[in-house]
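Engineer: Sequence:
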Amino acid sequence: MLALERGTASILADALAHDLARHIPAIRSLDFVFVGALYDQAQLLRPGWPLHAALAEALDRLPRSPQGAHVIALGAHEGRLPTADLEPDRALLGSPMLVLPWLLSGPTAALEEVAPRLERELLEQGLIGAELALALGEAFGIKTAHARHLTTLDLCALACAQYEHAGLGGLWQMIEAALLEPDQAQTATLEDGSTLHYEAGDVYSDATDRGRLAQFRAILGAHGLSLRERTAAH
Numbered sequence: 003m004l005a006l007e008r009g010t011a012s013i014l015a016d017a018l019a020h021d022l023a024r025h026i027p028a029i030r031s032l033d034f035v036f037v038g039a040l041y042d043q044a045q046l047l048r049p050g051w052p053l054h055a056a057l058a059e060a061l062d063r064l065p066r067s068p069q070g071a072h073v074i075a076l077g078a079h080e081g082r083l084p085t086a087d088l089e090p091d092r093a094l095l096g097s098p099m100l101v102l103p104w105l106l107s108g109p110t111a112a113l114e115e116v117a118p119r120l121e122r123e124l125l126e127q128g129l130i131g132a133e134l135a136l137a138l139g140e141a142f143g144i145k146t147a148h149a150r151h152l153t154t155l156d157l158c159a160l161a162c163a164q165y166e167h168a169g170l171g172g173l174w175q176m177i178e179a180a181l182l183e184p185d186q187a188q189t190a191t192l193e194d195g196s197t198l199h200y201e202a203g204d205v206y207s208d209a210t211d212r213g214r215l216a217q218f219r220a221i222l223g224a225h226g227l228s229l230r231e232r233t234a235a236h
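Be aware that the sequence shown starts at 3, since it is given in the working numbering, and climbs by one per residue.
None of these hints come from the bench; they were simulated from the model. Please note: incorrect hints may appear among the correct ones.
As the list claims (entries may be wrong) - Have a look at the derived ranges for each label pair, beta carbon to beta carbon:
no., residue 1, residue 2, range
1, Thr-210, Gly-108, 44 to 54 Å
2, Ser-228, Thr-146, 26 to 36 Å
3, Arg-8, Gly-171, 14 to 24 Å
4, Asp-204, Ala-132, 37 to 47 Å
5, Ala-28, Ala-168, 34 to 44 Å
6, Trp-51, Ala-168, 18 to 28 Å
7, Ala-159, Ala-28, 15 to 25 Å
8, Asp-208, Arg-8, 47 to 57 Å
Don't be surprised by glycine CBs; every beta carbon is placed ideally from N, CA and C.
Input sequences plus hints: build the corresponding full structure.
Structural biologist: Have a look at this one:
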């Protein structure tokens, strides 16, 4: 099951927000927005952070009272999530690492207080409680292991380690540039001497190995990026 119905999503959203507040109590002053759906990490790690943007848009559309923070859950109705932007990319399924996006929203001063603590504490101390991990597994019909809260930068750090372990560190540099510094050009030299170059939303390669190019194209495509073969005229 990729997407939970609204009732189950609401129950899990409350439980997740409460669990997160165990680590960072100050989040209780912020809106917590959650979508009850599983995604491959590549769908989250795309330029412009489209899943988080969709959560922010959903939050803006929902009627809310002006007093107090809210826990807001987005779930499926008759198998469909509220917007197409939130639908999991089924072509990416099969990864052992799946994510459940959430978003915190509120006054700038409160966010500035909470954000540094999230970055400092969650990667090392963000393991969720055993009962919540079990509830998540039962809701989605999967077995969970090492379920934890992460910030997007934490997820980037984990993805970097994964790509480097697979000998694809240069490829991750292109993805990271598109995520974190989309207006800045970036070049990486690979082990075989070929190069990758990121510029203005596209990645260019001068590699000649067709199999390697196909691998790069598939991975970058999962992250919402296009691969172009560099020519002498470029």
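Engineer: Could you tell me whether the CB distance from Ala-28 to Ala-168 stays inside 34 to 44 Å?
Structural biologist: holds, 37 Å
Engineer: Does the hinted range 14 to 24 Å hold for Arg-8 and Gly-171 at CB?
Structural biologist: Because 41 Å falls outside the window, the suggested range is violated.
Engineer: Holds or violated: the 47 to 57 Å window for the beta-carbon distance between Asp-208 and Arg-8?
Structural biologist: holds, 50 Å
Engineer: Mind checking the hinted window 18 to 28 Å against the Cβ distance between Trp-51 and Ala-168?
Structural biologist: For Ala-168 against Trp-51, whose Cβ atoms are near 23 Å apart, the range 18 to 28 Å holds.
Engineer: Okay, Asp-204 versus Ala-132 on CB: inside 37 to 47 Å?
Structural biologist: Roughly 45 Å apart at Cβ, these two residues keep to the hinted range, so it holds.
Engineer: Range first: 44 to 54 Å. Now tell me if the beta carbons of Thr-210 and Gly-108 are that far apart.
Structural biologist: holds, 51 Å
Engineer: Okay, Ser-228 versus Thr-146 on CB: inside 26 to 36 Å?
Structural biologist: holds, 34 Å
Engineer: Evaluate the given range 15 to 25 Å for the C-beta pair formed by Ala-159 and Ala-28.
Structural biologist: Because 23 Å falls inside the window, the suggested range holds.
This entry does not satisfy hint 3, going by the numbered hints stated previously; all others are met.
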